[in-house]
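Enquirer: Next come the chains, spelled out residue by residue.
Number of protein chains: 6
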Amino acid sequence: MRLSSSELFKLASEFIAEDLGRGDITTQAVLTTAVTARGRFIAKQDLVLAGLEVADAVFGVLESPVEIEAFAADGERIRQGDVFARVKGPADVLLMGERTALNVLRHLSGIATLTRAYVDAVAGTQAKILDTRKTTPGLRMLEKYAVLMGGGHNHRFGLDDGVLIKDNHLALVGDVRTAIERARRRLGHLHKIEVEVKNLNELREALAASADLILLDNMTPEMVREAVQIARATAPHVLLEASGSITLDNVRQYAEAGVDYISVGAITHSAPAVDISLKITTI
Amino acid sequence: MRLSSSELFKLASEFIAEDLGRGDITTQAVLTTAVTARGRFIAKQDLVLAGLEVADAVFGVLESPVEIEAFAADGERIRQGDVFARVKGPADVLLMGERTALNVLRHLSGIATLTRAYVDAVAGTQAKILDTRKTTPGLRMLEKYAVLMGGGHNHRFGLDDGVLIKDNHLALVGDVRTAIERARRRLGHLHKIEVEVKNLNELREALAASADLILLDNMTPEMVREAVQIARATAPHVLLEASGSITLDNVRQYAEAGVDYISVGAITHSAPAVDISLKITTI
Amino acid sequence: MRLSSSELFKLASEFIAEDLGRGDITTQAVLTTAVTARGRFIAKQDLVLAGLEVADAVFGVLESPVEIEAFAADGERIRQGDVFARVKGPADVLLMGERTALNVLRHLSGIATLTRAYVDAVAGTQAKILDTRKTTPGLRMLEKYAVLMGGGHNHRFGLDDGVLIKDNHLALVGDVRTAIERARRRLGHLHKIEVEVKNLNELREALAASADLILLDNMTPEMVREAVQIARATAPHVLLEASGSITLDNVRQYAEAGVDYISVGAITHSAPAVDISLKITTI
Amino acid sequence: MRLSSSELFKLASEFIAEDLGRGDITTQAVLTTAVTARGRFIAKQDLVLAGLEVADAVFGVLESPVEIEAFAADGERIRQGDVFARVKGPADVLLMGERTALNVLRHLSGIATLTRAYVDAVAGTQAKILDTRKTTPGLRMLEKYAVLMGGGHNHRFGLDDGVLIKDNHLALVGDVRTAIERARRRLGHLHKIEVEVKNLNELREALAASADLILLDNMTPEMVREAVQIARATAPHVLLEASGSITLDNVRQYAEAGVDYISVGAITHSAPAVDISLKITTI
Amino acid sequence: MRLSSSELFKLASEFIAEDLGRGDITTQAVLTTAVTARGRFIAKQDLVLAGLEVADAVFGVLESPVEIEAFAADGERIRQGDVFARVKGPADVLLMGERTALNVLRHLSGIATLTRAYVDAVAGTQAKILDTRKTTPGLRMLEKYAVLMGGGHNHRFGLDDGVLIKDNHLALVGDVRTAIERARRRLGHLHKIEVEVKNLNELREALAASADLILLDNMTPEMVREAVQIARATAPHVLLEASGSITLDNVRQYAEAGVDYISVGAITHSAPAVDISLKITTI
Amino acid sequence: MRLSSSELFKLASEFIAEDLGRGDITTQAVLTTAVTARGRFIAKQDLVLAGLEVADAVFGVLESPVEIEAFAADGERIRQGDVFARVKGPADVLLMGERTALNVLRHLSGIATLTRAYVDAVAGTQAKILDTRKTTPGLRMLEKYAVLMGGGHNHRFGLDDGVLIKDNHLALVGDVRTAIERARRRLGHLHKIEVEVKNLNELREALAASADLILLDNMTPEMVREAVQIARATAPHVLLEASGSITLDNVRQYAEAGVDYISVGAITHSAPAVDISLKITTI
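Residue numbers (my numbering), protein chains in the order written: chain A, 14 to 296; chain B, 14 to 296; chain C, 14 to 296; chain D, 14 to 296; chain E, 14 to 296; chain F, 14 to 296.
Just so you know, these hints were derived from the structure itself, not from any lab.
Hints should not be assumed to be uniformly reliable.
No copy is singled out in the list; a pair is fine if it fits within one copy or between any two copies.
Below, computed lysine-lysine pairings styled on DSSO-like, alpha-carbon distance capped at 30 Å [as the list claims (entries may be wrong)]:
id	residue 1	residue 2
1	Lys57	Lys101
2	Lys57	Lys292
3	Lys292	Lys141
4	Lys292	Lys205
5	Lys179	Lys211
Generate the whole structure from the sequences, applying the supplied hints.
Expert: As structure tokens, this is what we get:
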């Protein structure tokens, strides 16, 4: 994924507009003369960084010559107390952009940091950590970018760029085989078919219908291990994904059960913000 | 706060567009005939509900006759296992809106639920729980609405609708008194002046300069208690707000220290999503 | 594919705005009283119909109660001289929407009509006619819809929803094998890999690297036949697509050479508009 | 006509967004390092060029330093095999913009090429070739620009910038005289009045009512010749336009019949795309 | 001119958004229960009404069932003290829309009222009162509509829908004749050519070059009278327009000097708002 | 207040689009070669300048290298005949932007000039001149900026950034005390409460309920004087504002009656445009 500069500018403009409204009345009142200032971004806890480009765009929207000078790159681990970037520009511009830039960095780095914890937890296995579509409305591109920065991989970006037949589809269609057959007949020729199964019977049905990928939903690590054995024996090329009820505590068990992918909704929908501050001083 | 229907429609359209892209290729492939279906929203944990109108708008954007029938209102406590709303409409529309509606409800109810925990923790004291501007970029109006649903109160909505002189302003201006005097001279006549102080000296300076509200930043409950005594003795009408390092564990100590307001960033920036599912069936 | 009503409304609004500008000064000048009129859409040649919903939206944008009453559906063959739809409403609204509605219907039906000619030309073979990304800028969704109405199938909708390694990629990467291997390593797990080859050596390389689909570019029917034999012998499940220099005259030869898909750019980039008129009369 | 740079940027952004969606997944997968490349635009057939500025804007939207170096200008005749422009920039940017830039150039040059054929066919007569409002929805400004590049002239741009009383107006108003009189009474003082007539009786009526311009619709060259004689005898300053059923084969007969203008819908609605390719190589 | 409902809705939405921002905090604070109210629009001075539809749209944007019941139509004279319309709906909606609706009605009725004074001042002469392009930025369509409501006529709507060669053009081109000849050669065939002249020499030059309309700029009534005589003697069909330094006091002199049109910038750029109030009561 | 460059660009783009439509057909016709020209902005009357930055943005939207060179700043008094700025660029760009730039400058300087007259009229008293929300729809930010340039002060910018309980609120709530009490209970803690009173009884009620500010509406200077005495005796810190029926003739009487603020709707809703011209010449 690559964040295009026009898309970044559009997002940053919306974020700034939301906070700025008709203008920063406090800053306009207390600053009487134009003064150049410097701001230092400080990590108040250990974290994995994500969002520097967005923060940069936030200041750029306010005034073009303001740019962030970074001492670390997105994806890097930052230690508590480290100054990882600084920004220089008109004091009122720094004050106007401060909160928005911090909100972006804290949120995205929060996701990268939590993702990294999951990725580290499965280190040494063949399993890759995937995100889901359980993202904050309006922020999917940014959040999926943060997942990459944390060492994770991206599942599909929306309903249009991948096929995943889920429990509610199956409830309406009736059975796994019919759903897969219909999909194969009607989909574009570039799409693989993934299907979600909740037990071993559905797994066998999916294998019989030649699903390309199978999502093992809400199974215990033991069930997943058994599912992997069945699938590998029947169709060694089918990719297997585990999902549901997976936590930092049990994620390694799932990885060791042999799946190719583990998708974790919490890395986007429940990652707490990390603590970052911006300290502004005159030059 | 009142969510206007045109604003709701605009947000819901953006949220749907983000997930839908060029269309739901899975649903188009597996559903062969138009069929009416029903979806039931089920709480998978105890929670305080927020976001029903937004979820409603999400389906409304897709097809106008689809509407949510609610068995509970925003702000109500829902028990694990309860079906709190249901929706009826074309099956493909329910499937297209499912994830977006859930993402909204889970995120906003997460904020309402965490806010309610803080509000309950200070029950019986005079302190009110406030949110901050530490919200997810692009979602401030919705998140501040969720705070209200959890029993909290809203601090300012942006840099333009309230005056709060913070540490970075003071670093540039030099001292509390100068900042307050400038603000009083240059602000519109409808604005009160709030100033952030980090110790008792600054507090006394703020009181001497006749600040209307004083934010006690990052103080221990004991320091807050002393600050309250000093302020009440000097200027009984000045409102006092505590902020910084406040958790569910210590929030009551701050409330009992006598402040009027306690602002908590975590209720918007770090509230985990609550677990809600949508179960779709044929009628 | 399903044209959402909000997307239709947006497109129709832009189309009308382009033609209407600040208003229809002729109609405003010559019509003195409000009068209800009726318009009949007449095919001036044999054609396959596409775009009724868009034409309907064009009038709907101008005035909501105006709607098209259709005597035929998109995808149907219409005979020269047939009245396939009529519209009733204020005379000035019919006059304002006339040209835009006709421009839409003539363009999309032109695509459907040409597509149908290709589809008919390969009738009885296993080959499916595909469109390409060689569409008129701004109209891809509508044009791909018209292809479906003509009995064709859709290739990918954009650069983001399918993988196709083309000659320019290969020129930069160096060879087919490297390109396929990189793609397999870095793509999301839901994507198949299609690669374009221009001779039998590249075909063999692509088969060796386990491409999921292979596009045979600019080959003669004889070369295609040989390619099909090689591919079927090596990897019977690999799908084969022919493209380049394919006309109505030779398309059947390509189909009979045994490919699964034949993609034809001309059905979108060079389909002449069909002749349709709107005859407006008082009621 | 002059294409403003902001309008160009807006159009190019929409065109790119349509093709790019959430990103070019193929290029992101197969290109591993940032590399500068060069692309050469090659005419695969004789053509009249149009659209270089739009193609330039397409790459400019993706990354600002990318610009086209042109060896020919819009409006020039290009020979098959000629390299008429080249572009240099990051390889991924060239690959992302390739299809959109080509779609623009092929479509607009197609229009310019067909227009030039009509203009050449009437060379030496006084007749000018005009376009119509039968343009592709959303592309009118660009297509009318391409007509100019092919040596044609522009009829009105929309319903608001010129008066043309057509058959459907006459059907509602009743007769030519009434329509012209109403228009004269109610139009702004800067507008001329053109009226469409389908036989010599209507022509005489239009001349009697002092129309400023008369469009001779769907007449044979012989009828047109007679109409010209009648009009020149009665009102020598009235401008005459022929339209309807005009092809490359018969356009000169219409020109030689003595009209001032010949309008041809086909130059915009049915011009086939010309064949242009972009060949990308490393530097 | 006809205000389209979608254009009205767009304008009304922007106007409301400008005043409402994040919400009407006063009304939300003081109204505790939902209550239906009625508002009466009262003329506080004699005026000519304009803008009822826009005011209607303003309330419609806020809540769809709210509509204005009008006792008078745009263009009618209203007496001081008259209630010319009333509106019924939720009290908070009336309060939110009050100021915006009044701002629209007062501004547009101000223009209609001043226009009517000019029109009345030339009653009985052949002269028509025209507006100019000296309108308030962003409001041209509405202001030109108000001019019509006051009995005036509209000059061109923008630089694209009429040709007027002005002093600055002449300063760059050199002389009147060259400018007219160039325009005739290069303009579309539907356009008349108007030229601005500031003395009788330029007038004669414009007549010699066969201008269609001539604007007599900044002349005294006496000069205008002489110009009219010259023009009528030379080219009786040429239309004449007077402009510049025209006031309510001297406009009749210009009319009696014999021109066809008198354009007055002040009716749009300097019309004072008329006094209208909205009185809201419970039902 | 500070006009952000992106907001300026957006406004300027809309203003230019309104006037330019599909292009300046006059200039395109009469100018045959690209030529650089210079324009001088000349005050045709004494005025206070406002809007230079917006005029600058208007030309910037058309072509980026065009910029205004200013010899005076917004807020300065300009004498009749003075050239206060000049602009240099392509002649066609100057001609395209001329009317829009002038419309902006004439309108905003008109407001600044009238505001300055009111400010001068109360010179030497403690009273400050305030604007109101009676602004031209769509132009509030610019008009409030012009008020500042004329030496005035800004009242609230919209319904969301200040509390003012007005007559229509009181009609619905019943009495002043209830309204103030509700507001105090439900408003955010950063807001002051202003209430409008129309007689001395309501004034006393407002003082008793501890309003922060009181607007004395439509009172004579004598009533205002009495109101001031009552208020100062009761609550010396309460700020007092006079409004309604205030003209240049009587504004000083209101100021001398002792109020802190005088709000005048006419400075925005009825300021006549001042006369400014742009004279363009070749270099």
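Enquirer: Each hint needs a verdict: does it hold in this structure or not?
Expert: Here's how the hints hold up against the structure:
{"no.": "1", "hint": "Lys57 to Lys101", "verdict": "within (21 Å within a copy, 44 Å between copies)"}
{"no.": "2", "hint": "Lys57 to Lys292", "verdict": "within (12 Å within a copy, 42 Å between copies)"}
{"no.": "3", "hint": "Lys292 to Lys141", "verdict": "between (38 Å within a copy, 29 Å between copies)"}
{"no.": "4", "hint": "Lys292 to Lys205", "verdict": "between (49 Å within a copy, 25 Å between copies)"}
{"no.": "5", "hint": "Lys179 to Lys211", "verdict": "within (10 Å within a copy, 39 Å between copies)"}
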